[in-house]
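Novice: Each chain, letter by letter, is given below.
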Amino acid sequence: MIRGGRAIDGKRVLRLAGGLQMRTGNLLAGACLVAAALALAALATGLGLTDTGLADLFRTLAGESLPGAENYALWTVRLPRILLGFMVGWAVALAGAMLQSVARNPLADPGLFGFSQGSMTMIMLLLVFLPAAPKSLVVLAALAGGLTVAGLLLWLVGSERSSGLSIVLMGIAIETVLSSFGSLLILYLPTETSIALSEWLAGSLFQANWTVIAAFAPLFVLSLAAIFVLGPAMATYDLGSEMAMALGEPVGRSRPLILLTAVVLSSAAVTAVGPLVFLGVLAPHIAGFLSPAVARARLFLSALMGGILVLLADALTRGLGGSLPMPLGLSLTMVGVPLFIIALRLQALRKLQSH
Amino acid sequence: MDRRSLHLLLILAMLAIVLVVHLFFGFHAADLPNLIAALQRFEAQSYEEAVLLFQRLPRTLIAIYAGGIAAASGFVLQSLVRNPLASPATLGVNSGAALFLVASALLFGASAELQGIAALAGALAGFLSSLAVARLAGRRNDPRGLSLILSGALVSMLFTGMTNALLLSDPARRAEFLSWVTGNINHVYIDRLAMFWWIGALSVAILLLFARPLTLILLGADKAASTGVNVPLVSRFAIGAAVLGSGSAVAVCGPIGFVGLVVPHIVRPFMGNNLVHALPASLIVGAIVGLAADLIAREAFYPYVVNTGLVTDLIGGIVFIVIVKRFYLSPGSREAS
Amino acid sequence: MRFLVSCAIAALLATSPVLAAERTVTDDTGRKVTIPEQPEHIVVMHEPLLGIPLMDLGLDLTGSFGRADDGSFVIAVDFIDTVLGEGKTKPKGFGPVGQLDLEKLRALEPDLIVASELDAGKADQLATVAPVYLQNVGSSKVYGFDVEEDLAALVGREDVFAARKAAYEKRVEDLRAKLPFDPAGRTYLPVFLTDQLNVVGDSSGMVQALEDLGYSRLEVGAPSGASPAGGSMMLMPLSAEEFGKLDPDVLVLLNSYMAGGRDEAGTRASLSKIVPGWDQFMKPAKENRILFVDPAKVITPSVASAEHMLDAIAGWNETTQ
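Residue numbers (this note's numbering), protein chains in the order written: chain Z, 820 to 1174; chain B, 76 to 412; chain U, 6 to 326.
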């Protein structure tokens, strides 16, 4: 029972039985992004030293076995990187999109709030004092760090009546203090430790393996649930927390819940891959340009775009052959910023045309 | 003598005191006459005199330069952007200058002079990037220019990350720049001061020259235009001077953050918003803060030293939190969400 | 028939790689690793700290992190050339620092990867290629050329190490006899010059040589006896003012790899930038008790570095006679 129709503002929608309604524009954008992601993933399987790719992948799925080097390249190195990269980009972009609704500002980003900085500081401290700590401890430390910052933020900002922007500003303040602490560590620890910390700060998909993916997968599923459950709240938050309360949104409960989700997503991403600066702003904005959306659709499209950007960045890193050092953070910047500028320009043009 | 001139005299006196403490802290009182004589003839005949002339004095000069310029820039930026959180550190100026300098040194092998020029270019690039990103937020829900601060923070994080990645690519040269990148005031950089001080002096001169028109613009662009002030030209010139001045300070000793953010807030309650009085006051108080931070960095962990930039970052970050709480979270300033 | 079968089984076992001579060891972080008895294709994650000691034991390295793919070095100093002499075959690289390429690593076909305790986070991924052994290299945990001793035990070259050590100790005795003074009870202070003064840690051949001769390290602390913040983990640079007042019996100066030359002239220039007037006012300078050493030769935790240090001391001794 899928019927076409028009929404109140005149845009085309698809109506499903049960009352769910989706704009066709968003659906189209979503489909395009999914296709782009798959295409990129397929391309990325072919990048790297060993001569293997999509064809070999299908062969293994069909039951053939590959020689050692190709099998290793495909199944131990490339596929985990592609999958984890997509999921991490998804998580960070989703966290950014949520925070942007809550803060009512298109520039909100998990890094800006200090969440990723909190996780990073904890992980750095762990690396310094317990370099051989088991992975589970690292994850817990990152989560603890992010949650501490979130708690500090909520405590400093005060009641539910404060504006979204004040949260962001306080987040920047906390982020600055933490990052200066990080500079202290990097500067005064012995060279090898300092380089290890800096390497980690630059972001890397090196740790991508099936165990990490298995650990991240439940989070991915959770994020899908979060999109579904928290999505409608985003639309009301966009109007401001007072308006949201007037519309019946339980701000006192849902705002902490959204912040918590954002923290968990970004902490997990930071633990797996390191900090990915700016992605939380880039992805939702570029996705918004492709198809201006609200609520669930916006979250979904932003997350897809985030995954695609990380795939692109990873492709750049591996495609360059490794003679030029290009950590993930840097390649993400090089891929994302031009797209961002293009999107800004085209959006300005679009605004001009529609006047 | 009116109140403001009195304040000015007071802070001048404070500067003199802090200067003396910074130069002479730790020396035995008995040596003082010899030390002062050494200053006059600029020649060292004992180890203490060598320390005074060749370690303390350069640090004093660099600290005054970096602190004063940052504070003056910060005041001008806060006035023109109309935001109490604007400063060279928060608008991407410092991180842009650092990135371009490190890139020029590591990727192109630039000499010290070229590195300085790169730093100036980077300061401008950082500021312009912050502006560009801020445009994304639009003007609708941005009554206080806050989006510029957000974008400045994002751009700073981005540029710092890129600097980090660049340094990592060359582990040997990393050691060379690592302490500079966190702001290091040291005799080693005195020749850079000799190279670039005129840029800062020029920028301060321009800002002082424009102090009156800038105050008029602060009161309202229309009012200023009606009195004959060319608002776009003056604003752009002033911002350019402020940004380039900070860039030159970064070129000397690395990014020293937060002096430009904090000092205007200290100065404003006493000197008001009139730049004619407040700008010289900012210069002086900035110099005081720079000297104080350098003193702490030098003596707090004796016989080991900490980078001055780290001291200003840590303390400045905490003051940042206080400012946000006071300006944005106090009941009187709660904006409609 | 049974004879043939058992021959076949024996042949199978002999060629089976699983049962080639292996043993299980516990590395410095407590992990149990199964490594070959005689590793032939070793890859190291830190060339100066792990690679040089191994090469000093006579092994050839297959790979080293940070080198370019063909073995050339992208950074300023090639420690193999400076410590062990020119003409050695260089190991191949598998990615610039910060960007380890697992496919390239696997292409080198290593049978053992030696990493430091700081690489513990990478161990799982590296283990997909070859067994990973984590060796402590941190300054607070190892001393002198202990790293080379530990690695010798790991790769089954204890006898080579013992021979090297015996030769080195003989040189120490000879040098001690030649010195006009008795080093026992005298102090030394090693300082590495960047844009600040960094006191060098304990884990280098240089320190081993100095302390074997009899010198002891000059303790630098606040008059109240407080140690630097953070204990030995954090290495804050030394205040230039305090430095000028210090009077170790021998001051060892090492110039950073980038600053204009690691010879005496370059090192003097570097120090003059940080502490102008040091040569006029520092006691060790006035009494010619300064040793200028090339860090690229003496900083690795290997016997070769210790021997270079002995050379430097012998040379200094001769010039001051």
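Derived from the structure by calculation, the hints contain no laboratory data.
There may be inaccurate statements among the hints.
Taking lysine-lysine and the PhoX-like style, the derived pairs with C-alpha atoms no more than 25 angstroms apart in a straight line are [as the list claims (entries may be wrong)]:
id: 1; chain 1: U; residue 1: 250; chain 2: U; residue 2: 278
id: 2; chain 1: U; residue 1: 97; chain 2: Z; residue 2: 954
id: 3; chain 1: U; residue 1: 278; chain 2: Z; residue 2: 954
id: 4; chain 1: U; residue 1: 109; chain 2: U; residue 2: 93
id: 5; chain 1: U; residue 1: 278; chain 2: U; residue 2: 291
id: 6; chain 1: U; residue 1: 109; chain 2: U; residue 2: 146
Output of the computed footprint for chain Z on chain U, the stretches with three or more beta carbons under 8 angstroms from beta carbons of chain Z [to be verified]:
id: 7; stretch: 96 to 108
id: 8; stretch: 168 to 182
Computed from a predicted structure; not experimentally measured.
Cβ coordinates follow ideal geometry from the N, Cα and C atoms, glycine included.
Novice: Look at each hint and say if it fits the structure.
Specialist: Now for the hints, and whether the structure bears them out:
1. U/250 to U/278: 17 angstroms, holds
2. U/97 to Z/954: 30 angstroms, violated
3. U/278 to Z/954: 46 angstroms, violated
4. U/109 to U/93: 22 angstroms, holds
5. U/278 to U/291: The given pair, whose Cα atoms are some 18 angstroms apart, holds under the 25 angstroms limit.
6. U/109 to U/146: Outside the cut-off at roughly 32 angstroms; violated.
7. 96 to 108: Our answer is that it holds, as 9 residues pass the Cβ test (under 8 angstroms) against chain Z, meeting three.
8. 168 to 182: violated (count 0)
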